[in-house]
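Student: Residues per chain, in single letters:
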Amino acid sequence: MKIALKVNGEQHSLEIADENTPLLWIVRDLLNLKGTKFGCGKAACGACTLHVDGEAVRSCSYAVKFADGKKVTTIEGLRNEEAPHPVQQAWLEHVVPQCGYCQPGFMMATAALISKNQEPTDEDIDNNIINICRCATYYRMRKAIHRAAELERDRLSLSTKNIENGEE
Amino acid sequence: MAKNKMSRRKFLVRGGLGTIGVLAVGTYLFRNPIRRQIAGALNTADTPYMGDTSTPIIWFEITEENKVILHSPKVEMGQGTFTGLAQMAAEELEIDMSQIKVVHAQSISGNMDSFATGGSTSISALWVPLRELAATMREMLLQKAAEKMGVEKSTLTISNGQVSSGRTEMSYAQIAEGVEAWEVPDTPKLKPVSEMKWVGKPVPRVDLADKVFGAPIFGVDATLPNMLYGSVVRSSKIGAVYKGADISKAENMPGVVKIVQEDDFVGVVAKSFTEAENAKNAIEVIWETTKNWQTEDIRSMLEVGQGTPFVIQKAGDVDDFFGEGSLIEASYWSPIGAHAQIEPNGALAHVEKDMATIYMSTQVVKISRDEIAKRLGMDKDQVNLAPTFLGGGFGRRLHTPNGIQAAVLSKAVGRPVKCFFSRKEEFQNDTFRPPTHHVLKAKLDNEGSIEAFEHNVSSGDVAFGSPMVPGIAEPILGADLGAWRGGMVQYGAIPNYQAISWRVQLPFATSWWRSLGLLANTFAIESFMDELAVKARKNPADFRLTHTQKDDRGERLANVIKKVVEVSGYKDEVVNNRAMGFAASTDANTPCAQVVEVSIENNEIKVHKVTCAMDPGLVVNPDQVKAQCEGAIIMGMSASLYEKMEVEDGALTPTIYGPYQMAMMKHAPKEIDIILLQGADSPGAVGEPPLGPIGAAIANAVFRLTGQRIRRMPLQDHLQV
Numbered sequence: 001m002k003i004a005l006k007v008n009g010e011q012h013s014l015e016i017a018d019e020n021t022p023l024l025w026i027v028r029d030l031l032n033l034k035g036t037k038f039g040c041g042k043a044a045c046g047a048c049t050l051h052v053d054g055e056a057v058r059s060c061s062y063a064v065k066f067a068d069g070k071k072v073t074t075i076e077g078l079r080n081e082e083a084p085h086p087v088q089q090a091w092l093e094h095v096v097p098q099c100g101y102c103q104p105g106f107m108m109a110t111a112a113l114i115s116k117n118q119e120p121t122d123e124d125i126d127n128n129i130i131n132i133c134r135c136a137t138y139y140r141m142r143k144a145i146h147r148a149a150e151l152e153r154d155r156l157s158l159s160t161k162n163i164e165n166g167e168e
Numbered sequence: 001m002a003k004n005k006m007s008r009r010k011f012l013v014r015g016g017l018g019t020i021g022v023l024a025v026g027t028y029l030f031r032n033p034i035r036r037q038i039a040g041a042l043n044t045a046d047t048p049y050m051g052d053t054s055t056p057i058i059w060f061e062i063t064e065e066n067k068v069i070l071h072s073p074k075v076e077m078g079q080g081t082f083t084g085l086a087q088m089a090a091e092e093l094e095i096d097m098s099q100i101k102v103v104h105a106q107s108i109s110g111n112m113d114s115f116a117t118g119g120s121t122s123i124s125a126l127w128v129p130l131r132e133l134a135a136t137m138r139e140m141l142l143q144k145a146a147e148k149m150g151v152e153k154s155t156l157t158i159s160n161g162q163v164s165s166g167r168t169e170m171s172y173a174q175i176a177e178g179v180e181a182w183e184v185p186d187t188p189k190l191k192p193v194s195e196m197k198w199v200g201k202p203v204p205r206v207d208l209a210d211k212v213f214g215a216p217i218f219g220v221d222a223t224l225p226n227m228l229y230g231s232v233v234r235s236s237k238i239g240a241v242y243k244g245a246d247i248s249k250a251e252n253m254p255g256v257v258k259i260v261q262e263d264d265f266v267g268v269v270a271k272s273f274t275e276a277e278n279a280k281n282a283i284e285v286i287w288e289t290t291k292n293w294q295t296e297d298i299r300s301m302l303e304v305g306q307g308t309p310f311v312i313q314k315a316g317d318v319d320d321f322f323g324e325g326s327l328i329e330a331s332y333w334s335p336i337g338a339h340a341q342i343e344p345n346g347a348l349a350h351v352e353k354d355m356a357t358i359y360m361s362t363q364v365v366k367i368s369r370d371e372i373a374k375r376l377g378m379d380k381d382q383v384n385l386a387p388t389f390l391g392g393g394f395g396r397r398l399h400t401p402n403g404i405q406a407a408v409l410s411k412a413v414g415r416p417v418k419c420f421f422s423r424k425e426e427f428q429n430d431t432f433r434p435p436t437h438h439v440l441k442a443k444l445d446n447e448g449s450i451e452a453f454e455h456n457v458s459s460g461d462v463a464f465g466s467p468m469v470p471g472i473a474e475p476i477l478g479a480d481l482g483a484w485r486g487g488m489v490q491y492g493a494i495p496n497y498q499a500i501s502w503r504v505q506l507p508f509a510t511s512w513w514r515s516l517g518l519l520a521n522t523f524a525i526e527s528f529m530d531e532l533a534v535k536a537r538k539n540p541a542d543f544r545l546t547h548t549q550k551d552d553r554g555e556r557l558a559n560v561i562k563k564v565v566e567v568s569g570y571k572d573e574v575v576n577n578r579a580m581g582f583a584a585s586t587d588a589n590t591p592c593a594q595v596v597e598v599s600i601e602n603n604e605i606k607v608h609k610v611t612c613a614m615d616p617g618l619v620v621n622p623d624q625v626k627a628q629c630e631g632a633i634i635m636g637m638s639a640s641l642y643e644k645m646e647v648e649d650g651a652l653t654p655t656i657y658g659p660y661q662m663a664m665m666k667h668a669p670k671e672i673d674i675i676l677l678q679g680a681d682s683p684g685a686v687g688e689p690p691l692g693p694i695g696a697a698i699a700n701a702v703f704r705l706t707g708q709r710i711r712r713m714p715l716q717d718h719l720q721v
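These protein sequence lines are chains A and B, in that order.
Heads up: the first sequence runs through residues 1 to 168, numbered per full-length UniProt numbering.
Heads up: the second sequence runs through residues 1 to 721, numbered per full-length UniProt numbering.
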C-alpha cells in the first residue's frame with residue numbers, strides 16, 4: 001500500500017507492505033526520527049506520543065493506514081527554525097528531564113493540550129497528561145506545563161497585536 | 001620524585017584527523033584497577049572508584065574548537081552524574097561549563113569502572129580522582145605550553161582554556177596540537193572548595209538540550225547501516241528451562257532472515273521490528289517447568305524464621321529484655337516490585353571476524369563486555385562495548401543477557417542486529433525488587449524510652465547471585481548487603497538493639513532496585529518507631545531525637561530531623577482533614593527526614609505536600625540534587641502506595657503499565673520542599689537516600705488520620721474504607 005505522509009513539514013510517499021504497521025515504526029525505522037519512543041506497544045505509557053493533524057496520538061497502537069494523507073509532527077519537528085516550541089522552552093527553563101526517555105511523549109502531549117487550552121488548571125493537567133515517567137519528574141513537569149501555557153499565551157497575544165498592527 | 005614518563009609507543013595520538021587528540025584510541029599499559037571490599041563499597045560514603053585513574057589521557061580529549069570532552073566511565077541514567085562530573089572537571093581544568101562535553105567512555109579505551117554505575121556512588125567516588133585527573137591534565141598542558149612558548153611554566157596563567165604568558169596566548173587546542181608524548185607529573189594540589197567556581201552552583205544539566213529536542217541518544221535509538229532486527233523467545237513461567245523449539249511455521253514468515261537456535265535460547269532475525277516479533281510469536285518452544293508457583297507459596301517461604309539468619313548489627317543484649325512482659329511486637333510486609341523503566345532492555349550488536357561492537361544501555365559496562373566476549377569466544381579487547389544514555393536504570397541494567405543475545409544473533413547473520421524486549425517480557429523477566437517480611441520487637445522503659453529494639457528482615461536476594469558479587473564472596477559477606485540496606489537501627493542511643501537479616505532464595509530472579517532494601521526496611525522500622533512513639537505518648541520527631549547518639553552520624557541525623565520539623569511546621573494532630581506523617585532514614589551515610597501532608601479523598605490516600613531535609617555532604621549541583629529528591633520521593637510514593645507484582649500459576653503478573661499501577665501526574669504532590677544541609681566537606685550519596693522515609697511517612701500520616709496502622713505495602717490496597 002502507498003501511504004502519503006507529511007512529517008514535520010516534509011512530504012513522504014511510502015510503500016508499506018503491511019498497512020497495519022504501527023505509525024511509530026514508520027517514523028522511527030523508515031524515516032529515522034528516533035525522538036518518538038517505544039515504551040510498551042499497548043498505548044499504556046505514552047512514550048510514543050506524536051501529533052496527527054494536531055491531535056496527540058499514541059503511535060505504537062495507531063496503524064499507519066490511518067495517517068494516510070495527514071500531517072504528522074514529532075518532537076524533532078515541534079520547534080520552528082528560529083526558536084524552541086513554548087513547551088520545549090518551558091522544559092529547558094525548569095530543567096525537567098532526568099533520564100529523558102519519556103520526555104518527548106510528555107512534551108507532545110503537553111503541546112497538544114496547550115494548543116487547545118492556554119490556561120490549563122491543575123485538574124486539566126491531571127486529566128490530560130496521563131503518560132508515565134519512571135524517574136517521576138511530575139513535580140517539575142507540572143510547573144513547566146503552566147509555564148508553557150504562559151509562553152503560548154504571550155505568543156498568541158503578540159501575534160494578535162501584530163495582526164492589529166497590520167504586520168501579519 | 002617518581003615521574004611517569006610515557007613514550008609515544010605507549011599510546012596513539014589522533015593528530016590531524018579533525019580532532020587534536022590527546023585521547024588515544026589504541027591500547028594502554030596503565031591498567032591497575034583498584035579492588036576494594038564490595039560491602040564497604042556499597043554501604044559507606046567512602047566508596048572507592050574502581051577503575052583506571054593512572055593517566056588523564058583516557059579521560060580527556062581536546063577538540064579543535066578548544067572544548068574538552070570528558071569520557072565518563074560512569075553512565076548517565078537520569079541521575080545527573082554527567083553534569084556533576086563536568087562541574088568537577090571544569091573546576092581543575094580552568095574552563096567554562098560551555099567548554100566541556102561529556103560522553104560515555106567506550107570499553108575499548110580502557111576507561112572502565114570495574115564495579116558499576118549504581119549505589120549512589122558516582123559523584124562521591126570520583127570526587128577526588130576526577131579532580132586529580134583534571135588537575136594533572138592541566139599541568140600537562142601547562143608544561144607543553146611552556147615548552148612551546150619557551151617560557152617558565154610558573155609564569156603562565158589560565159583563563160577559560162587559554163594559557164597566557166604576558167603577550168603570548170595559546171588555547172588548549174593549540175597546545176595539544178601535534179604533541180605525541182606527554183609527561184604525567186605528580187598529582188598537583190587541588191583547589192579548595194572555597195575557591196571553586198562551578199561546584200555548588202545549579203548549572204543546567206549538560207544533556208538538557210539533547211533530551212528536550214529528541215536527540216537519538218538511547219540504546220534503542222542506535223542504528224548501523226545494513227542493520228536487521230532481532231527478537232528472542234522468553235518464557236513467561238518461573239523457572240522454565242529451554243528444551244528446544246519447533247521453528248517450521250516461523251521460518252516462512254514475512255521478513256524473516258534467519259531463525260537462530262542455541263542451546264539455551266531461540267531467536268529470530270528479520271527485516272523489521274514487527275516482522276521479528278510476529279515470527280517470534282510463531283515459534284513453538286518446549287519449556288520444562290517444575291512448579292506452578294503462586295503468591296501464597298512465596299509468602300510462606302518469606303516468613304521470618306524460614307530462611308537463613310545472620311546478625312548484621314548488635315549492641316548490648318536484647319535477650320535480657322525480651323524475656324519479660326510488655327513486649328511490643330509488629331509484623332510488616334512489602335510486595336515484589338518491578339523496575340518498569342520505560343526504555344526496554346536491548347542492544348545493537350555488530351559482530352565481525354576480529355571485532356564486535358555493542359551499543360547498549362548498561363550499568364555494568366565491563367561485566368557486559370566480558371560476558372559477550374566469553375560467549376563469542378573472542379578476546380575482551382576485541383569487544384567494544386559502547387554505552388548509550390539509559391532510558392532509566394534503577395538497577396534493571398545490572399544484568400545484561402540482552403547484550404549477549406544480540407551479539408549471538410548478529411554473529412549468526414553477519415550483519416548488525418538490534419534486539420529489544422517487549423513490555424510483557426520486561427515485566428515477566430525483570431530482576432525484581434524482592435518481597436520482604438519484617439518482625440520488629442521493642443521494650444519501652446518507664447519514661448517511655450526504648451530499652452531494647454530488634455529488627456528482623458526476611459528478603460529474597462539482592463546482591464547475592466548477581467554478577468557483581470561472586471559466589472565466593474557470599475560466605476565472607478555473611479548476609480546480603482543489598483537486602484539489609486537500610487535495615488540497621490540508626491538510633492544509636494538505644495542501649496540494646498540488634499538487626500537480623502534472613503536470607504530466602506526465591507524461585508525467580510530478584511535483584512537491585514533503586515535504594516535496594518532501603519524502601520522496605522525503612523517502611524517497617526520507621527512505622528514501628530511511630531507505633532512506639534504513640535505508645536510512649538511522645539511527639540514522633542522528639543521521640544526519635546531522644547534516641548540519636550552523640551556522634552557525627554547521630555548529630556547529622558538529628559539535624560535533618562530538627563530541620564524538617566521546623567520547615568514543615570510538623571504538628572502531631574489532624575487539621576482540616578489533613579494529617580502530617582514523619583519518618584527518617586540514613587542511607588550510605590546520608591541522613592534524610594521527611595514530613596508529608598496527607599488526606600483521604602474518595603477512599604484514596606492523597607499526598608499534598610512533602611518536606612524533605614537531607615544531608616548528603618557537600619552538594620556539587622543543588623538543582624540536580626533537588627531533582628533527585630523530587631523524583632525519588634514520587635517514585636518511593638508510587639512503590640509504597642500502588643505497585644505490586646503477583647505470582648499466578650507460575651507467572652509474574654501484571655505485564656503492562658496500568659494494571660501495574662504507578663504514580664502519575666494526578667498522584668504527584670503539588671508541593672515539594674527540599675532543604676539541603678551540608679554536614680560533610682565532601683559529596684555523599686544522593687540518588688537513593690530520599691527514597692527511604694516516604695513510605696513510612698505516608699503510613700504514619702494515615703494512622704493519624706484514620707487510626708489505621710497499615711503494615712503492608714502497597715498502602716492503598718490495604719486501606720480499610
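Worth flagging that the hints you see were computed from the coordinates, not collected in a lab.
Everything numeric in this text was worked out from a predicted model, so none of it was measured.
Be aware that a few hints might be false.
[To be verified] According to the in silico footprint, chain B covers these stretches of chain A (three or more CB under 8 Å from chain B): (1) 2–8; (2) 15–22; (3) 55–69; (4) 80–94; (5) 113–126; (6) 154–164.
[Stated by the list, open to error] Part of the chain A face toward chain B, derived, beta carbon under 7 Å: (7) C40; (8) K42; (9) A43; (10) P97; (11) C102; (12) P104.
We put the CB at the ideal spot given by N, CA and C, even for glycine.
Student: Broken hints, numbered, in rising order?
Tutor: Of the numbered hints, 1, 3, 6 and 9 do not hold.
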